[in-house]
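Asker: Line by line, the protein sequences give chains A and B. Using the working numbering, read the first sequence as starting at 1 and increasing by one per residue. Using the working numbering, read the second sequence as starting at 1 and increasing by one per residue.
These are calculated hints, taken from the structure and not from any lab test. Every value quoted in this text rests on a predicted model; they were computed, and no experiment measured them. Treat the hints loosely; a few may be bogus.
[To be verified] Take a look, some chain A residues computed to stay more than 12 Å from chain B by CB distance: (1) GLY87; (2) PRO103; (3) GLY162; (4) HIS216; (5) LEU281; (6) ALA310.
[Stated by the list, open to error] Ranges of calculated distance between the beta carbons of each label pair, as one might list FRET restraints: (7) LEU281/A to HIS209/B: 47 to 57 Å; (8) VAL149/A to ILE68/B: 11 to 21 Å; (9) GLY43/A to VAL17/B: 53 to 63 Å; (10) LEU26/B to LEU281/A: 52 to 62 Å; (11) LYS167/B to ILE104/A: 32 to 42 Å.
Virtual Cβ for every residue (Gly too), placed ideally from N, Cα, C.
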Amino acid sequence: MSRLRAGWSQWVDLWSHEEPPTSLALLRILLAAVMLSDVLWLGWLGLPPALLGPEEIGGFGRSAEHPAPWLWRWLPLHPWTPWVLWGLWVLSLLGVLTGTLTPIACVIAALLSANLASLVPAADRGIDLLSRNVLWILALSSAGAVASVDARRRTGRWIGDGTAFPAWPRHLILLQLIVMYTAAGVSKMGARWLPMGDFGALWIILQDPAISRLTHAPPEAWYPLSQLATAGTVAWEWSTPLLLVVLWQRHRRPDPRSGWGRVLRWRPELWWAGVGLCFHLGIAALLKLGIFPWAMIALYPAFLHPSDLARSRLPAPAPQVTP
Amino acid sequence: MPTIPWPHWRTLLITLVLASHLLVALPIKKPITPETLDDPQHQQEVDRWMRLFGPLGLTRPTLVQGLIQITRVLWDADRALVEPMTRLWRHLELGQAWSLFAIPTEQPRTLEIYVEDRAGRHLHHRTGEVEDPELAPWLGYRRIRGIYDTRHRTSSYRKLSEHVSRKLMTERPDLTAVVLQQQQRSVGTPGEVFPDTTQTLLVHRTPRHRLWPEEGKR
């Protein structure tokens with residue numbers, strides 16, 4: 001019983017830690033910038049009526065009568081309504097970007113993204129789902145307390161006053177990334193990702209005209225490189241759960257002279273994130289997946305403890321060694 | 001009765017949210033059935049797994065039966081555990097469905113648009129080869145690609161096809177119909193022999209009179 005109680009205390013301690021929300025603010029700004037560019041592009045292409053409106057007013061998706069797009073129960077079926085929703089989406093993302101009424105802006109942006117997902121499920125991609133999950137976490141966080149209009153109003157300084165806030169939102173986003181990469185790794189059971197399929201997965205993907213940036217089949221000399229990249233991708237994704245061990249050990253603050261102390265000094269989580277960064281830049285260079293690689297990279301500040309940003313112009317927090 | 005401090009309540013809430021999302025993240029989203037395995041690509045997939053299990057004494061029917069049974073059990077567990085959670089998150093469109101190219105398609109498809117006039121049918125757009133400069137950025141947008149880069153004929157695919165047809169026929173009154181279709185071909189790794197599965201799929205033809213019925217009556 002006492003061990004259970006001690007375990008629960010450690011668990012509560014993990015989620016009660018506080019830090020200045022500088023990493024979260026950076027993540028908020030990067031994610032909002034990526035999402036805003038996507039929503040502006042959607043508008044430039046003239047797609048709001050097709051993707052944000054029900055079929056009664058020219059939408060490609062479900063009818064307003066369908067129970068899923070619940071927002072449309074209260075909205076007038078007018079051709080301009082999708083454009084109004086688009087404008088509201090742009091404004092809410094501007095709010096997230098600039099940190100203006102941040103929690104409200106995050107909730108509105110998440111709900112408008114959910115509206116599109118309910119209306120045209122095929123037009124809602126995995127990265128949109130991930131962005132919504134993160135927007136809800138940001139809405140409950142203090143991501144708007146640094147580098148924001150909210151900070152200016154609250155403290156008189158654009159960059160805030162360095163006050164510490166609960167760190168659990170950053171930890172939750174880290175866990176979100178770990179769950180996503182682990183699930184992606186576990187589901188890569190297609191033999192093409194494995195030795196039985198000759199590690200041919202990326203070679204096959206590069207020949208898909210719907211997503212490949214290559215206009216012709218890749219030169220055969222690239223094949224060994226693509227095999228190496230395939231094996232590396234799978235190994236990297238399968239190694240994701242090890243991050244949990246690393247982050248837990250960091251939370252326990254081992255003696256710097258112990259084995260874990262020496263390992264943690266090398267910042268394995270940042271090396272892992274560095275590989276992820278290369279992976280996503282590779283995707284951006286070779287595949288046409290829209291905002292996917294950029295939105296993923298936008299979430300990587302979650303790997304940074306605010307002390308990692310101490311040399312920046314943001315307020316320097318007290319150095320701590322937690323995940 | 002002692003009051004429970006806020007950090008404990010907060011941790012409890014976080015734990016519940018985490019638990020529900022971890023359950024939703026379970027990767028089995030549908031069971032493998034004998035019909036699923038009729039697909040040539042899935043047959044090849046089983047062939048490749050037999051390279052690993054064959055030398056260990058496992059026969060092909062045993063592997064197939066095992067796959068069907070295991071995924072059925074996981075699917076039932078998934079439905080029992082995850083469905084209640086999914087109901088909770090559905091309205092907000094939250095979830096944890098990640099696969100990221102679980103099985104790369106070996107029969108990729110290319111979008112083609114043909115236009116018809118009095119002289120016959122002509123190729124107007126083929127992704128990556130002959131592209132309509134105005135339509136290409138529109139069709140290349142990731143959300144629109146999600147609608148046409150599909151294995152099944154959906155109502156969204158039909159609406160997209162009619163939208164493209166309306167646009168082309170408005171610009172060119174001489175057109176009598178527009179056809180949206182997918183050209184499927186097989187791809188493989190260097191030196192690999194693979195079946196030729198070239199075929200045209202998801203053909204959707206929109207004649208002018210369907211969009212402007214009153215023109216046909218005149």
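Asker: So, against the hints stated earlier in the document, which numbers end up violated here?
Answerer: Structure breaks hints 4, 8, 9 and 10.
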